[in-house]
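Chemist: Here the protein sequences come in this chain order: A and B. Position in the first sequence (first residue = 1) + 7 = the numbering used here. Position in the second sequence (first residue = 1) + 7 = the numbering used here.
Calculated from the structure, these hints are not laboratory results. The model shown is predicted, which means the values in this text are computed figures rather than measured ones. Hints may be right or wrong, so weigh each one.
Pairs count within a copy or across copies, as identical chains cannot be separated in the list.
Pairs of lysine-lysine, DSS-like flavour, derived with a Cα cap of 27 angstroms [what the hints assert, rightly or not]:
1) Lys69 with Lys274
2) Lys9 with Lys180
3) Lys397 with Lys25
4) Lys57 with Lys397
5) Lys387 with Lys57
6) Lys57 with Lys85
7) Lys9 with Lys219
8) Lys180 with Lys217
2 protein chains.
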Amino acid sequence: MKKIMIHDMPKHLGETVKLGAWLANKRSSGKIAFLQLRDGTGFVQGVVVKAEVPEELFAIAKSMTQETSMYIIGEVTKDERSSFGYELQVKEIEVIHEAVDFPITPKEHGTEFLMDNRHLWLRSRKQHAIMKIRNEVIRATYEFFNDNGFAKVDPPILTGSAPEGTSELFQTKYFDEDAYLSQSGQLYMEAAAMALGKVFSFGPTFRAEKSKTRRHLIEFWMIEPEMAFVEFEENLEVQEQFVSYVVQSVLKNCKLELERLERDVTKLEHIQAPFPRISYDDAIIFLNENGFDDIKWGDDFGSPHETAIAEHYEKPVFITHYPIGIKPFYMQPHPDREDVVLCADLIAPEGYGEIIGGSERVHDYDLLKQRLDEHGLDQKAYAWYLELRKQGSVPHSGFGLGLERTVAWISGAEHVREAIPFPRLLNRLYP
Amino acid sequence: MKKIMIHDMPKHLGETVKLGAWLANKRSSGKIAFLQLRDGTGFVQGVVVKAEVPEELFAIAKSMTQETSMYIIGEVTKDERSSFGYELQVKEIEVIHEAVDFPITPKEHGTEFLMDNRHLWLRSRKQHAIMKIRNEVIRATYEFFNDNGFAKVDPPILTGSAPEGTSELFQTKYFDEDAYLSQSGQLYMEAAAMALGKVFSFGPTFRAEKSKTRRHLIEFWMIEPEMAFVEFEENLEVQEQFVSYVVQSVLKNCKLELERLERDVTKLEHIQAPFPRISYDDAIIFLNENGFDDIKWGDDFGSPHETAIAEHYEKPVFITHYPIGIKPFYMQPHPDREDVVLCADLIAPEGYGEIIGGSERVHDYDLLKQRLDEHGLDQKAYAWYLELRKQGSVPHSGFGLGLERTVAWISGAEHVREAIPFPRLLNRLYP
Ligand SMILES: [Mg+2]
Ligand SMILES: [Mg+2]
């Protein structure tokens, strides 16, 4: 008998099939046992009726411990009461390995305990659902960029110079040289966009930042598209289309997972392009008029400011045209105002904060040189990057989206640490 | 007029369109100029006929330097002589930026020079083609694993322990602790497979190895699938289906690129599952009978051995059941022979070497503990990994495919450094 996986059961209605599975939970009476089975692709109930199976099998089913692994044979039937819609009428069980004292029981556990047991915690219903949503966000990201003519380009992780200072960078010996772990592949992606037109990266990023908030990870994944011949406004359009595509893909393909997480999907259904835009100028006025007297023009936003602005909208909101003084050197100045740049941050709803930072890039050689000087940056470290502006420079734009914040938002997870399989935090390098 | 990209030109036959493009090359006479244009999505010829355009435009076309960027307007017409099949009858050119002394001219350049200029070298026809093939390998990989029910799981890059010794590991300070850059996410993927059934990773990997061969990179990308309830033989079937899928996808979707690289596609067309298998035992006999007296049972293969074996087959070949002494601790011993393990390496044709290493994993707690001891490894560092064998352990298998070797093979590139956008080599951390 060929073994199948739980997510394929609907195709085998009425058939007798074999599954490899673990026992997630069970309940039983003297006459019947209900086994909550999981195999990684889904959860399904196995029904063992005492009167219909050998005595020994019913005894095994009744006494089986949480997370025991097995091959299980049964008939696929409909089950209208469950969200999955199917169940398994069990005929045979072959226990592979009996689990003993699985540490994560259905009761409440402390965060540090769960994090120490992350390798096992991933098996629980909620964590499993978040990981499936993460997978769908990744899948939809590739689909979106492939369908829109982008090539995936992988910028290097190890770089030889630490242009913006080393305080938040991880450093390592690279044979006889020093190397640093990348905080962003953007500069490399700009070079790649001049070769391949529209490109995107999707890889790990490292910030040795001593932040301990629910939005920060030391190691996280970032998607960084970069587009030649694309200016500020078109850049925003790509971003809102991309984010809409990802959210709608999750709604379509992760129904069971969103339900398991008790996610209010009405808050996701209307996430469709276009997204609202507010200028930085207006955002400051809005904040000052709404009780925030701790911020003035020229200051960067903190989490409470971003949240207050985001709460005013039902969709993610672009905050555009930040002051030049609080943004990196590579952002293109506004053509009519030298005090702001052609950038936007995209703030997620429901307090999840900034999920995208993007901008048009400086494409003029002299201006870029001047901006490097103004930031006190070493031109030698940027020699190859500057040279791009000598060899057929073109207007170009790009952005970076943080995967874990996006997954946390869509899943409704409280903390980004639940949005990555093995989180790296300030005091967390295990497992 | 909406701008389009070169790869979309076939949809606009007979229309007047606008492109953003760079001048890759040109030739001209007194009456006509042929501009070889590129925009990252493709290459196309722009035709400027002196008698049909303003005098000024013809002068611009004739004098334009290599890599000058422009917006260019023209009519899309058929061109049966080119592989692309279309060309542009130029009507207007707006130069964006005039390139001066682009360093990479159509003449020959030395390797170090090209590598120093990798940020510009990527624009050349051959490098562009390899990057497009790399992109297609990536795209097809996601498609294959998504279609086959695998979830993408990202194992951590920074890990707190260096279980197999630190000699080939990059080390960094992680606040008050020491951390190491991952050489493989496999152990984490095993934990993930117990939670999600079938999983794959696809991320950067680091080996601080002082190798300087055409097959080695310091930083490279690896695909590591791991499958619960999957044993040795089924693991090989997934591998041969995956590799076949990727090769056939490139043949289908990168015709122009393979042609530009002058790749002999007849060597790729028959790359279809199943692949041949030869046992390690038989491989040693084969080598000894074919003039290799430098290898005996128990030794690992070097590149010349792998190449000699591979040359005997037209497809990639699995070498199976290596001696237990030359393979890692986590490989499952053969049920009937204690001297070999249930593993296989997949050797690519045409001298490209090993592209996959894989095995069934030890799933018995006591045996794994014993194997750790035999390898002199610290059980504390493996505590969470060992614990997987206490909590519903199941037979499971997985493998790792190296992206760059696979891309080099399919592209016919001479060296893996051309199969990654910004290679990291022994003496190469720039650009
Ligand atoms: Mg911000
Ligand atoms: Mg080998």
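Chemist: Against each hint, give a clear statement of whether it holds in the structure.
Modeler: Results for each hint:
1. Lys69 with Lys274: Neither. Shortest intra-copy (42 angstroms) and inter-copy (58 angstroms) distances fail the 27 angstroms Cα cut-off.
2. Lys9 with Lys180: Cα proximity of Lys9 and Lys180: none, with 51 angstroms in one copy and 49 angstroms across.
3. Lys397 with Lys25: between (64 angstroms within a copy, 23 angstroms between copies)
4. Lys57 with Lys397: Neither. Shortest intra-copy (80 angstroms) and inter-copy (29 angstroms) distances fail the 27 angstroms Cα cut-off.
5. Lys387 with Lys57: Intra 78 angstroms, inter 44 angstroms, cutoff 27 angstroms: neither.
6. Lys57 with Lys85: within (20 angstroms within a copy, 74 angstroms between copies)
7. Lys9 with Lys219: neither (49 angstroms within a copy, 47 angstroms between copies)
8. Lys180 with Lys217: both (22 angstroms within a copy, 13 angstroms between copies)
In summary, the numbered hints that this structure violates are 1, 2, 4, 5 and 7.
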